[in-house]
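Residue numbers (our numbering), protein chains in the order written: chain A, 141 to 253; chain B, 4 to 115.
Simulated from the structure, these hints should not be mistaken for lab results. Please read these numbers as outputs of a predicted model, since none were measured by experiment. Take these hints with a grain of salt, some might be off.
Computed, partial: chain B to chain A, Cβ under 10 Å [what the hints assert, rightly or not]: (1) Gln9; (2) Pro10; (3) Thr26; (4) Gln28; (5) Thr29; (6) Gly31; (7) Tyr33; (8) Ser36.
In silico contact screen, one side only, chain B against chain A (beta carbon under 10 Å); selected entries [as the list claims (entries may be wrong)]: (9) Gly34; (10) Met83; (11) Ala87; (12) Ser88; (13) Gly108; (14) Ala112; (15) Val113; (16) Pro115.
Positions of the beta carbon are idealized from the N, C-alpha and C atoms, including for glycine.
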Amino acid sequence: NAGVTQTPKFQVLKTGQSMTLQCAQDMNHEYMSWYRQDPGMGLRLIHYSVGAGITDQGEVPNGYNVSRSTTEDFPLRLLSAAPSQTSVYFCASGVRDELYEQYFGPGTRLTVT
Amino acid sequence: GQSLEQPSEVTAVEGAIVQINCTYQTSGFYGLSWYQQHDGGAPTFLSYNALDGLEETGRFSSFLSRSDSYGYLLLQELQMKDSASYFCAVRLFSGGYNKLIFGAGTRLAVHP
């Protein structure tokens, strides 16, 4: 099993550009989520999904879109990148009834200039 | 809203015991998880408490008091490799779904 994979590992964007961060898992987990991590602020929940076709907003959803068309994939879209979105982005997945234990991907380090 | 408070930094020596506290203020509380993250790495799950009391997993133990909205992670026989950031996270039921919300993290430095 590859677990949770994320691409790309690193990305530099200019303000106003759009891009999609990819996340995939091969553990057949219903639950998937996106977090951003900034120094001193821990992990903040952006969006999450409890199954294909079902998504909801987390703590900091503004500026980000998600969709979940398959169990395996949960892409995160930045529509118009801003310097405030410079961060490390982690995708995670877990069993819906046991989501206290989530499995994290290796992260994507995004810089917006 | 919800809030989680944990110390920003803790320092200890090899072989010692350290306790990292977490207090929370939330609605829809289900339980408290702990995660470890080494520099440059991804968070990894350590333990979970849904009920009051102590859960032990090797050198690590976690405690929860739901009445006090308080928990802690206890690390015994500290090793250099325990130097990392530790996050408490509350499992909430909100808006019809479960979600996991993290605290800001505690950076543990273990010295020889």
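Here is what the structure says about each hint:
no.	hint	in the structure
1	Gln9	holds, 9 Å
2	Pro10	violated, 13 Å
3	Thr26	violated, 14 Å
4	Gln28	violated, 15 Å
5	Thr29	violated, 12 Å
6	Gly31	violated, 13 Å
7	Tyr33	holds, 8 Å
8	Ser36	holds, 5 Å
9	Gly34	holds, 6 Å
10	Met83	violated, 23 Å
11	Ala87	violated, 14 Å
12	Ser88	holds, 9 Å
13	Gly108	holds, 5 Å
14	Ala112	violated, 16 Å
15	Val113	violated, 21 Å
16	Pro115	violated, 27 Å
Comparing the model with each earlier hint shows violations of hints 2, 3, 4, 5, 6, 10, 11, 14, 15 and 16; every other hint is respected.
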